[in-house]
Amino acid sequence: MNAPTTTHAIASLRPGPADAADSFVEVEVPIGDIRPHDLLVEVRAVSVNPVDHKVRSSFDADDSPKILGFDAAGTVVAVGDSVSRFAVGDEVFYAGVINRSGSNAAYQLVDEHIVAAKPTSLSFGDAAALPLTGITAWETLFDRLRLTSASDGVLLVVGGAGGVGSMIIQLARALTSVTVIATASRPESSQWATDLGAHHIVDPKELGTAVPAIAPDGVDHIFSPYSAGNVETYAAIMGVGGAVVAIDEPEGLDLLPLKSKSQTWHWELMFSRPLYTPTDDSQHRLLTEIARLVDAGTIRSTATTTLSPIGVDTLREAHTRSESGTVVGKIVIVAE
Numbered sequence: 001m002n003a004p005t006t007t008h009a010i011a012s013l014r015p016g017p018a019d020a021a022d023s024f025v026e027v028e029v030p031i032g033d034i035r036p037h038d039l040l041v042e043v044r045a046v047s048v049n050p051v052d053h054k055v056r057s058s059f060d061a062d063d064s065p066k067i068l069g070f071d072a073a074g075t076v077v078a079v080g081d082s083v084s085r086f087a088v089g090d091e092v093f094y095a096g097v098i099n100r101s102g103s104n105a106a107y108q109l110v111d112e113h114i115v116a117a118k119p120t121s122l123s124f125g126d127a128a129a130l131p132l133t134g135i136t137a138w139e140t141l142f143d144r145l146r147l148t149s150a151s152d153g154v155l156l157v158v159g160g161a162g163g164v165g166s167m168i169i170q171l172a173r174a175l176t177s178v179t180v181i182a183t184a185s186r187p188e189s190s191q192w193a194t195d196l197g198a199h200h201i202v203d204p205k206e207l208g209t210a211v212p213a214i215a216p217d218g219v220d221h222i223f224s225p226y227s228a229g230n231v232e233t234y235a236a237i238m239g240v241g242g243a244v245v246a247i248d249e250p251e252g253l254d255l256l257p258l259k260s261k262s263q264t265w266h267w268e269l270m271f272s273r274p275l276y277t278p279t280d281d282s283q284h285r286l287l288t289e290i291a292r293l294v295d296a297g298t299i300r301s302t303a304t305t306t307l308s309p310i311g312v313d314t315l316r317e318a319h320t321r322s323e324s325g326t327v328v329g330k331i332v333i334v335a336e
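The UniProt record's numbering applies: residue 1 is where the sequence shown begins, and numbers increase by one.
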């Protein structure tokens, strides 16, 4: 087939809440030039992440129409002149990058350095749940915390039933020897985190008492998607030299409570590499390993809700559900 030059997409016209009329509209936009390392992918499924809400509610109106979407699985329909890893017809999955058009479209351009072959055992929908959270979890464990197969100690996963937390639990259990404590506040989220491999479940409102009862010498590592108001508690429940990896950005964060035990604070943003080192293929390699682990039955997709098609109504519903803070796992949306 000849590569299309335009694509149907769902876009936001101006920043606003999920229920605003112009937060989700149908548009037809140019695809743009295929760069040397680009793949043009026919998008078959997407998923929703908190970054979608953040961008939708705060993007510059001069960038309108803003096509969101930071997870996709689909089929390659065209390749750039320098592409070496993929060919037309390959089934792939990826998380994209925040400075290019998103995946809520029929076709999307994405650099091959951040793409991997889709797990062969998964549908497009189940595969689309994995890239962004899988990359974030992998970089948290193995790049920021520098864990290895020999690592033990105790890891606290705050938000254990969330998208990233679900992947951290699985990867930590599969590839390290750490003891995993996960936070969960409802029976369904507690069961989910337990089923994924968490050794212990604690209520997030009781960190200061529940965690020391399990790890009296202090936890070694903390994954934090909800850092506001928690720094003092983290400092208290971590041991000497403990480390936090955070993915949020609360205003006025005071890290001084970490000093007395020589504890450290790390940031994780999975867009850093594609934004600043675009020829780094580490995300291609780690997604390839995640696909291998899935196909081996070692870890599984975190998709729990599937909607269809990729349209105004389904994206509005997915964003509204996701923003409620009650979603276990991931919401995916599959094309017709």
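One should not assume that every hint holds.
[Said to hold, decoys possible] Pair ranges (Cβ atoms, derived): (1) 28 <-> 241: 48 to 56 Å; (2) 278 <-> 59: 20 to 28 Å; (3) 35 <-> 217: 48 to 56 Å; (4) 21 <-> 146: 42 to 50 Å; (5) 150 <-> 21: 52 to 60 Å; (6) 256 <-> 21: 41 to 49 Å; (7) 63 <-> 217: 46 to 54 Å; (8) 309 <-> 33: 24 to 32 Å; (9) 150 <-> 272: 22 to 30 Å; (10) 5 <-> 309: 16 to 24 Å; (11) 3 <-> 214: 51 to 59 Å; (12) 146 <-> 87: 46 to 54 Å; (13) 2 <-> 195: 17 to 25 Å.
Because the hints were derived from the structure by calculation, they are not lab data. C-beta: ideal position from N, C-alpha, C; glycine also.
* Asked: Measuring from beta carbon to beta carbon, are residue 278 and residue 59 in 20 to 28 Å?
  -> holds (22 Å)
* Asked: Using the C-beta atoms of residue 21 and residue 146, is the stated range 42 to 50 Å upheld?
  -> holds (47 Å)
* Asked: Are residue 35 and residue 217 spaced within 48 to 56 Å by their CB atoms?
  -> holds (51 Å)
* Asked: Is it true that the C-beta distance of residue 150 to residue 21 lies inside 52 to 60 Å, as the hint says?
  -> Taking Cβ atoms as reference, residue 150 and residue 21 lie about 55 Å apart, which means the hint holds.
* Cβ distance range 24 to 32 Å for residue 309 and residue 33, holds or violated -> At 28 Å between Cβs, range holds.
* Asked: Do the beta carbons of residue 63 and residue 217 sit within 46 to 54 Å of each other?
  -> holds (49 Å)
* Supplied distance hint 51 to 59 Å, evaluated on CB atoms of residue 3 and residue 214 -> holds (55 Å)
* Given the range 16 to 24 Å, decide if the beta-carbon distance of residue 5 to residue 309 lies inside it. => Once the Cβ atoms are compared, 22 Å apart, the range 16 to 24 Å for residue 309 and residue 5 holds.
* To do: Evaluate the given range 46 to 54 Å for the C-beta pair formed by residue 146 and residue 87.
  => violated (35 Å)
* Between residue 150 and residue 272, is the Cβ distance one that fits in 22 to 30 Å? -> holds (27 Å)
* Take the C-beta atom of residue 256 and the C-beta atom of residue 21, compute their distance, and say whether it sits inside 41 to 49 Å. => holds (46 Å)
* To do: Can you let me know if the beta-carbon spacing of residue 2 and residue 195 is within 17 to 25 Å?
  => Roughly 46 Å apart at Cβ, these two residues miss the hinted range, so it is violated.
When the structure is compared with the earlier hints, violations turn up for hints 12, 13 and for no others.
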